[in-house]
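Visitor: Given these sequences and hints, build the entire structure.
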Amino acid sequence: MKLVTYFYHQREKIGAIDGAGRVVDLHRAYSSYLHEIESNPSGDQLARLTLGRDMVEFLELGEKALDAARKALAHASATPNATIDTILDPKQVRVMAPVPRPGALVSAGKNFSDHVAEMASKKGPGAPVAFLKLPGTVIGPDDDIPHPPEVKNLDYEVELAIIIGKPCVDVTENEALDYVAGYASFNDISARDVIRGENKTGIHLMGKSFPGFAPMGPYLVTADEIPDPQNLKLKLSVNGEVRQDSNLSYMIFKIRAMIAYWSQMGLNPGDVLTTGTPRGVAAGRKPDQPPWWLKPGDLVEAEVENVGSLRNRIVAESSIT
Amino acid sequence: MRVYLGLSENSLPHQTRIFADIDGKFVDLDLAYARYLTQTSESTGAYERAAFYFPETIAEFLRRGEQSLRALEDVVTFARQSSLRDLRGPAGEKVTYDPAEIRLLPPFQNPGKSFIIGFSDQARVEAMPKAEIPTGFYKLPQTFITSGAPIIWPKFSEEVDADACLALVIGKAGKRIEPARAWDHIAGVALLIDITARDINRREGLTTNNLLGKNFPSSTCLGPAYLPKPARSELEALELELAIDGSVKQRFALRDCVFTIEEIIARWSILDIKPGDFLAIGASMSLQGGRLQNPVPLKIGSTVRCSSPTIGELSHQVVSSGGLRR
Chain U
0 MKLVTYFYHQ
10 REKIGAIDGA
20 GRVVDLHRAY
30 SSYLHEIESN
40 PSGDQLARLT
50 LGRDMVEFLE
60 LGEKALDAAR
70 KALAHASATP
80 NATIDTILDP
90 KQVRVMAPVP
100 RPGALVSAGK
110 NFSDHVAEMA
120 SKKGPGAPVA
130 FLKLPGTVIG
140 PDDDIPHPPE
150 VKNLDYEVEL
160 AIIIGKPCVD
170 VTENEALDYV
180 AGYASFNDIS
190 ARDVIRGENK
200 TGIHLMGKSF
210 PGFAPMGPYL
220 VTADEIPDPQ
230 NLKLKLSVNG
240 EVRQDSNLSY
250 MIFKIRAMIA
260 YWSQMGLNPG
270 DVLTTGTPRG
280 VAAGRKPDQP
290 PWWLKPGDLV
300 EAEVENVGSL
310 RNRIVAESSI
320 T
Chain P
0 MRVYLGLSEN
10 SLPHQTRIFA
20 DIDGKFVDLD
30 LAYARYLTQT
40 SESTGAYERA
50 AFYFPETIAE
60 FLRRGEQSLR
70 ALEDVVTFAR
80 QSSLRDLRGP
90 AGEKVTYDPA
100 EIRLLPPFQN
110 PGKSFIIGFS
120 DQARVEAMPK
130 AEIPTGFYKL
140 PQTFITSGAP
150 IIWPKFSEEV
160 DADACLALVI
170 GKAGKRIEPA
180 RAWDHIAGVA
190 LLIDITARDI
200 NRREGLTTNN
210 LLGKNFPSST
220 CLGPAYLPKP
230 ARSELEALEL
240 ELAIDGSVKQ
250 RFALRDCVFT
260 IEEIIARWSI
270 LDIKPGDFLA
280 IGASMSLQGG
290 RLQNPVPLKI
300 GSTVRCSSPT
310 IGELSHQVVS
320 SGGLRR
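The listed protein sequences correspond, in order, to chains U and P.
With numbering that gives the first Met the number 0, letter number 29 in the first sequence gets 28, and the count goes up by one each step, no holes.
With numbering that gives the first Met the number 0, letter number 65 in the second sequence gets 64, and the count goes up by one each step, no holes.
Any given hint could turn out to be false.
Unchecked claim - Below, simulated DSSO-like cross-link-like pairs (lysine-lysine); rule was C-alpha separation at most 27 Å, straight line:
| # | chain 1 | residue 1 | chain 2 | residue 2 |
| --- | --- | --- | --- | --- |
| 1 | P | Lys273 | P | Lys228 |
| 2 | P | Lys273 | U | Lys253 |
| 3 | U | Lys151 | P | Lys174 |
As the list claims (entries may be wrong) - Incomplete in silico selection of chain P near chain U, CB under 8 Å:
| # | residue |
| --- | --- |
| 4 | Phe118 |
| 5 | Ala122 |
| 6 | Gly135 |
| 7 | Tyr137 |
| 8 | Leu139 |
| 9 | Phe155 |
| 10 | Thr206 |
| 11 | Asn208 |
| 12 | Asn209 |
| 13 | Leu210 |
| 14 | Asn214 |
| 15 | Phe215 |
| 16 | Ile269 |
| 17 | Leu270 |
| 18 | Asp271 |
Honestly, the hints are just simulated from the structure, not real lab data.
Just so we're clear, the structure is a prediction, and the values are computed from it rather than from any experiment.
For glycine and all other residues, C-beta sits at the position ideal for the given N, C-alpha and C.
Guide: Here is the structure:
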C-alpha cells in the first residue's frame, strides 16, 4: 500500500493511493466502510480512533490501523460513485511528505565508499555515522527548496528513507526489518560551505537543516511491497542531467545494521533513518564544482526504484519570505 | 515567580496544565485567573478568557505574547494577596496544590529547535581561544526528563558526564535577527543538564558528528521551572552550580560564556526561531581563569544537582540500565 499525507481544504489528511493513482481519504473511506459494510452508526468517531489524526499516530496504532486502511482502500475502490471528497485527483491536493513531522530524522553519512572517496574525507568509519536533521526541515515531493541567501554551495544527495513503525530499542540485525513501516525517497540537501565553517570548531547542524532541506515522499510504500530494500536503484538528476546513479547494494552499513545500531538510542514510530548517498554530488565533482552547485531555477529529481520520485525546484529564499 | 508544566488530579489524561509556585504551593494558573476575572470584572466568558491566556503548554502560552505575560503578573499578584488555602476556581474547583500532588514535566515538550551551544571535543583540545561562530548541536525532545526522574546510564557507554546549562527560552518568533534586537526575543530561562556518553561522543566527533553520544533516553534534564524574563542584568548575574553527591563541581554565570547572547541569537536565528524553542549555554562554554570548564564525570549511583537560587533545582540520580530497558 502507498500511504500519503496531503493537504486539502485547509486540512492535513492521511490517504492511500488507489490503482488509478488517485488519493483516497482514509478517514472518509473507512467511515463509509463502517457505515455501509459493518452497519456501525458511530463510524466517524471509530475511524478517527482507529486511524489516528496524522501519520505518526497512524503508525503508532500499528497493525489495526494498517488493516483499517486496507479495508478502506478496497471499499473506496469498489464504490463507483464514492463522494468527490473521498477519492481525489492528486492534482487537487498538495501532497506532503508522508511523515511531515518525524520525531527524529537520522541521516547517515559516509555510507557509500564511492561517495567517501569523491569527498576525499577521512577513511570509512568503524561504526555507522549519522547526524540529526531537524524534523522541521521536511517538505513534500513537489515543494520548492528555498536557497538561503547566505549559502554559496548548495548540494543534493539522493537517499532512501526508512520509516520506523514500532518502538525499536536494542534490536538485532536479524529482526531489524520487522520494525520498518515502509520506505520513501529522500533528498538530503546540504549547504557545504556552512558545514565547512561549522566543522572547524563544532559539528554540522545548520548546514544540513535550513528550512526545506529534507524533501521526502511521494508516499510511504509499506514494507510488504519492498521485499528487498537493500537492492534498489537510486538516481538523481538536475534539470534532466543525471548526476547520481547507483544502487543501495553498495551501502557500507546495510539497512539492517543501521536500524540495529541506531535502535540503541531508542526509535519510535514515525522516526526516519536515511541511508546516506552514493557518488555524484556537486561537492565531489572533478575538477571544478561550481557548475554543479544548485541555484535558483534548478529542478532536482530524486528517485528510488519502486519507491517513487521527488521533483523539487530551487527558489531564492528572498523570493518567498 | 516560576512557572511549571504538570499534571494534577484535575487534568484529563495527556492534558498538561500550567502552574506557578507561590509560598510553597503550586497554583493552577488557568483556574486562578478565571477566579480573578470573576472577582474583578465581568464574569461572562471568564473560563474561556483564562483558557486563552493559560493554554495547555508553556510554549503556547508564550505564543500569546505580551498579553499572556501581563495576565501572569495579574494572577500571581492576585494569588499572593489571597488566602491560598481558600483560593478556589469560579465553581469551587481546586486551585492550589502541595508539590507532591503535581507531576511535573519538562517545561518545554516538543520544541522545533532545542540547541546547546558547544565546541567539538577536538576544538576543546586545541583550546580555541575564540571561535568565529557559536556552533551548536541538537537535543531530541524525546530525550527530555525533568527533576526527580532517573538518569539511565546507557548500556553502550563506559564514560558518562554532565554539563550544567542555562537554556535561553525564545518568546518571540524571528528569523535572521539583528544582534541589537536579540534580547527582545528571549522570554526567560530554564535549567538544563546536558548528559553525554563521552566515549561515543569522542568517536562520533572524528567525523564531526554527535548523535548517539548526546541523544539517548534521559540525556537532557530540563526544568522543572521556567523563569519568565528577568531583567538583563539579573540574567547575566544568575549563578548556576552543578554538584555531584553534594560537592560542587561546576559554577558559572552567563557573563562567563565565550559568546554573547547577541552572537548566539543572531547566528541561530538564521534558521528562524519560535516561542518555546531554546538555546542553551553550558558551563563547558564558559571561561574560568581563562580556560574552558570541563563536563563532570558521573558514576552509577551519583546524585546530580543543578541549581540556581532564583530558578530552582534539577535533581537526578544516575541508575544502571539493568531492568529498565529490554
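Visitor: It remains to establish, for every hint, whether it holds in the given structure.
Guide: Structure-based check of each hint:
no. : hint                 : in the structure
1   : P:Lys273 to P:Lys228 : holds, 16 Å
2   : P:Lys273 to U:Lys253 : violated, 37 Å
3   : U:Lys151 to P:Lys174 : holds, 19 Å
4   : Phe118               : holds, 5 Å
5   : Ala122               : holds, 4 Å
6   : Gly135               : holds, 6 Å
7   : Tyr137               : holds, 5 Å
8   : Leu139               : holds, 5 Å
9   : Phe155               : holds, 5 Å
10  : Thr206               : holds, 5 Å
11  : Asn208               : holds, 5 Å
12  : Asn209               : holds, 5 Å
13  : Leu210               : holds, 5 Å
14  : Asn214               : holds, 5 Å
15  : Phe215               : holds, 5 Å
16  : Ile269               : holds, 7 Å
17  : Leu270               : holds, 6 Å
18  : Asp271               : holds, 7 Å
The structure does not agree with numbered hint 2 stated previously, though it agrees with all others.
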